[in-house]
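Q: All chains, please: the whole structure from these sequences, using the hints.
Protein chains in written order, with our numbering: chain S, 1 to 265; chain B, 1 to 306; chain G, 1 to 275.
Bear in mind the hints are in silico, worked out from the structure with no lab data behind them.
Beta carbons: idealized from backbone N, C-alpha and C, even for Gly.
Incorrect hints may have been included.
Claimed, not checked - A partial selection of chain B residues facing chain G, derived with a Cβ cut-off under 8 Å:
| # | residue |
| --- | --- |
| 1 | Gln196 |
| 2 | Thr198 |
| 3 | Leu202 |
| 4 | Val217 |
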Amino acid sequence: MSVLDGGARPRMDRASRIGVPIAVGLLGLGVWQLLVGVVGVSAYLLPSPAEIVGEWRANVGPIAEATWITGSNAVLGLIVGAAFAVLLAALASRFRWFDQMLVPVVAALAVVPIVALAPVLNSMFGADSEIGRRTIAAIASFVPVFLNSLRGLRQTTPLHRDLMRAYAASGSQTFRLLTLPAAAPYVVTGLRVASSLAVISALVAEYFGGPRGGLGAFISTSAATSAYARAWAYVGASILLGLGLYLLTVALERGVNRLLAGGAR
Amino acid sequence: MTTEQASLRTGRPRARTRGAQLRATAFGLLGIISVAVLWEVYKAVAPENGVVIAGTRVLPRTTDLAMPHTWEMVARLLEPTTSQAGAAPLWLTVAEAALLSLGIAAVGWLVGTVVGVGLGLLMQFFQVVERGLLPWIVLSQTVPLIAFAPVVRSWGSRIEILGWQWPQWLSVAVIASYLAFFPVAIGMLKGLQSPQRTHLELMHTYAASRWATLRTVRLPAAVPYLLPALRLGAASAVVGTVVAEVSTGYLDGIGRQLISFAGQASGDPAKAWAPIFGAIALGLVAAGLVGLIGLALRTYRRGEAA
Amino acid sequence: MSTTTEETSSEAAVVATGIGKTFDTRDGEVQALTGVDLEITAGEFVSLIGPSGCGKSTLMRLIADLDSPTEGTLEVFGKSPAQARRDQDYGIAFQQAGLLPWRTVGANIGVPLELHGVARPDREKRVAELAELVGLTDFIDRYPDQLSGGMQQRVAIARSLAEQPRLLLMDEPFGALDEMTRERMQAELARIVGESGAAVVFVTHSIPEAVFLSDRVVVLSARPGRITGVVDIGIGRDVHRDEALRETAGFFEKVTEVREALHGTPVTAAAREAR
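A: Set out below in structure tokens:
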């Protein structure tokens, strides 16, 4: 409408919103193929898409198995980490001293490379255990879920609380009517952010030793034995895993928000 | 009119009273201590072999080998690294490795920040660039890009340009930079798009050029968005460095030390914790350094309070 | 009315002929303004008043070239609004002060000067003058978040005057202030405008405010906005506008007249149809 808006018409707008990214994606794919096919970039730098697809087809079984191992580590870590996060956030929103005790610990967890714990966790749980990796994924998921939950639990304003008090609402009524609907969207947002972190952490922890069989282990062995196309195929699988878990949490977020919007009426 | 008794607010959001600050610090320290206490209590109470449910050990073993006492971890830092005569104290060995990794992470962060800021500007200036790239950038944040690390390793050893051999640490820095750049690019774009409508309209009435608007309004307004992005970028660069060191087999940094000292844990369990403390310090120092940038740019954060 | 003659455009600050503005929104077209004819002479203080959504702000934004009309022609000092904007013929103030929070009061007042390449020493001199004009000399190194709402708005007014424009556009500049501050700011503005000799287009909700400040009050109807009445206030530029003026019978008379024009009841003696 005004001079500050782009001025594009709505329909063209929508078309370009979808079309341009796709064009860029195709362009990228084209440049990739060009680099490999015409310029002749060596396979160790960049294998061709066709080669990678070939390796994928040849290794469907192992790839699926590795994705399952890494994926289940990530999901279990995410669930446990998120459960702890919500619990501690509930305590922190209730007790100020507890919140103040957690502040430095959480602040440190947010900036510290948690994966550094992987080697000692392996010796704590035993070298054949996947629990160490799940712990890493859990700690990595904890931070965003905790921070978002705490913010959500603090969403109820003094005005709302005064209102509940004026209605003489009981503690559980206040929780159901006020605290839960205010906090739930934040919790699921935290879960969405954490989902990517959980996959990344579970995968990376595999570079630090422990039982083999996950995606991370296969990527590093393939790369170490110069099977670059195969390594890229496993990289592709880990990208799909990350994307899949992310989309799952996005769906959860949408569902919860819709449910709350419906319940509000 | 100068005599008008306007209620003057203090500049920053009101500083907490001294007592409250002291209280927060005390509880914070207590929080850190209680992590150590929790460790010791679990070690004392739980069975040696940990807690095993249905064949899976869900809580760790508590032997000295698996869980050394916290004080042993600290004491070990002061002892020599190896039993060889003249070996440096462990804390110094770790600090040197951590510093080296910090340097690599800093290079990666710097490159990532420059690229990210540049891309943010480009996306702000040309809508078609934003349309084309932003979905991919957002998408790429949700996938484990660090999985590429072992693949990048193969580049390092084979690239030679005009007799200049690609150093291995540069591979590590490249990985760190591509992890750092995504949050910076998104934060920058968000920040550049954040100015109030009034401010932009004002610039329009001044017939200010895009460049002048960028300098006068958009860049300063971007600072509060850029700073958290830089911090996130720094954390990503540190993780990227540690992981890349491991997966590229770079020997001198903290990442490799984590692996090699853990390998000696059967004879020297407390030693494995030293590089962990190093990695923690590395992350904290990196975040602290970025915090200094925030301090230097605090004038531009005045809008945050409002 | 013919607007093409030389003499009209030379003495008129704003000439609007048959202005209409339609917005394309998601729910279809919304007509904000229709058939607006208005001429504002140089040095004249004109208030635009009307119910919410009557398009009075839109009209001001059209003059400022923040939007363009869908019908009719608009001239600002005989030029297109876009040209007038490029020539910096007007200064502007909004309901929100719109100060840059990271700049001091002085640096905020100096923004337009800085953008238009005024050298630093000249700039500092002018900023000091302006700060004194609006009574903020002691606050020149403060930041906006350290000022009250009224003081912030005064900075915005100083900023709008920075380049000595011949036309001031003000969109409810006192809308967010409390009544006491508001009345004081009105008296301030009357003094400042009197000193500068600029023409003013002043958008407001408040009848007393419009009467107190203006030479002429233009009343707009609800959407689609059109001019339903024009009230000449006739207080005169030479009359000192202070608290005493608010208590005079003439002031009350004009307030009543504007109110009746606004409410659509038959206007008393001085009814004037839009030209």
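Q: So, against the hints stated earlier in the document, which numbers end up violated here?
A: none
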